[in-house]
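Using my numbering, read the sequence shown as starting at 1 and increasing by one per residue.
Because the hints were derived from the structure by calculation, they are not lab data. A couple of the hints might just be wrong.
As the list claims (entries may be wrong) - Okay, derived cross-link-like pairs now, DSS-like style, lysine-lysine, Cα gap no bigger than 27 Å in a straight line:
| no. | residue 1 | residue 2 |
| --- | --- | --- |
| 1 | Lys45 | Lys22 |
| 2 | Lys113 | Lys80 |
| 3 | Lys123 | Lys104 |
| 4 | Lys22 | Lys80 |
| 5 | Lys89 | Lys113 |
| 6 | Lys22 | Lys2 |
| 7 | Lys80 | Lys69 |
| 8 | Lys113 | Lys69 |
| 9 | Lys127 | Lys89 |
| 10 | Lys80 | Lys127 |
| 11 | Lys89 | Lys69 |
| 12 | Lys127 | Lys69 |
| 13 | Lys45 | Lys80 |
| 14 | Lys127 | Lys66 |
| 15 | Lys2 | Lys45 |
| 16 | Lys22 | Lys66 |
| 17 | Lys82 | Lys22 |
| 18 | Lys69 | Lys104 |
| 19 | Lys82 | Lys123 |
| 20 | Lys66 | Lys2 |
| 21 | Lys82 | Lys113 |
| 22 | Lys89 | Lys123 |
| 23 | Lys127 | Lys104 |
| 24 | Lys123 | Lys113 |
| 25 | Lys82 | Lys104 |
| 26 | Lys113 | Lys127 |
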Amino acid sequence: MKLILTADVSGLGAPGDIVEVKDGYGRNYLLPRGLAIVATRGAQKQIQVITRAQDTRRVRDLDHAKEIKTALEGLSVTLKAKAAAGSSKLFGSVTASDVAAAVKSAGGPVLDKRAIELPGHIKTTGKHSVTVRLHPEVTVALPLEVTSSAE
């Protein structure tokens, strides 16, 4: 199945790329989520207009991403989570939503939870490093300290 991507799909391509994928992947995943459209001549012309608009936005977004990066680099983020008394094990694990809320409460910018990449499951208290992907060219390693909440 030949498709034109409308969004960035990891491992497949960027918006505007024409890709050949298996029928099931295209029909059941990419098309329903709006990540791609069927490749036709009219769609290719439409994508050319979209890519021109994205190129002009990309420069502005890159500058904005660099501004957010500088704001995040000077930030110390502490996250309180429920843990067993006298133990470093958490009840559950830390999610990307938890990290985004902790960044906001620490005085940082509002982050999209999909931009936050956790190094596996964080299930213990202590210091961890979380990656925030602000732009395809801009990533930030954010130090995160998970502490036990007193209950």
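Here is how each hint holds up against the structure:
{"no.": "1", "hint": "Lys45 x Lys22", "verdict": "holds (24 Å)"}
{"no.": "2", "hint": "Lys113 x Lys80", "verdict": "holds (18 Å)"}
{"no.": "3", "hint": "Lys123 x Lys104", "verdict": "holds (21 Å)"}
{"no.": "4", "hint": "Lys22 x Lys80", "verdict": "violated (44 Å)"}
{"no.": "5", "hint": "Lys89 x Lys113", "verdict": "holds (23 Å)"}
{"no.": "6", "hint": "Lys22 x Lys2", "verdict": "holds (9 Å)"}
{"no.": "7", "hint": "Lys80 x Lys69", "verdict": "holds (23 Å)"}
{"no.": "8", "hint": "Lys113 x Lys69", "verdict": "holds (16 Å)"}
{"no.": "9", "hint": "Lys127 x Lys89", "verdict": "holds (13 Å)"}
{"no.": "10", "hint": "Lys80 x Lys127", "verdict": "holds (12 Å)"}
{"no.": "11", "hint": "Lys89 x Lys69", "verdict": "violated (31 Å)"}
{"no.": "12", "hint": "Lys127 x Lys69", "verdict": "holds (20 Å)"}
{"no.": "13", "hint": "Lys45 x Lys80", "verdict": "violated (50 Å)"}
{"no.": "14", "hint": "Lys127 x Lys66", "verdict": "holds (25 Å)"}
{"no.": "15", "hint": "Lys2 x Lys45", "verdict": "holds (15 Å)"}
{"no.": "16", "hint": "Lys22 x Lys66", "verdict": "violated (37 Å)"}
{"no.": "17", "hint": "Lys82 x Lys22", "verdict": "violated (44 Å)"}
{"no.": "18", "hint": "Lys69 x Lys104", "verdict": "holds (14 Å)"}
{"no.": "19", "hint": "Lys82 x Lys123", "verdict": "holds (10 Å)"}
{"no.": "20", "hint": "Lys66 x Lys2", "verdict": "violated (35 Å)"}
{"no.": "21", "hint": "Lys82 x Lys113", "verdict": "holds (21 Å)"}
{"no.": "22", "hint": "Lys89 x Lys123", "verdict": "holds (6 Å)"}
{"no.": "23", "hint": "Lys127 x Lys104", "verdict": "holds (18 Å)"}
{"no.": "24", "hint": "Lys123 x Lys113", "verdict": "holds (18 Å)"}
{"no.": "25", "hint": "Lys82 x Lys104", "verdict": "holds (20 Å)"}
{"no.": "26", "hint": "Lys113 x Lys127", "verdict": "holds (20 Å)"}
The structure fails to meet hints 4, 11, 13, 16, 17, 20 from the earlier list, while all remaining hints are met.
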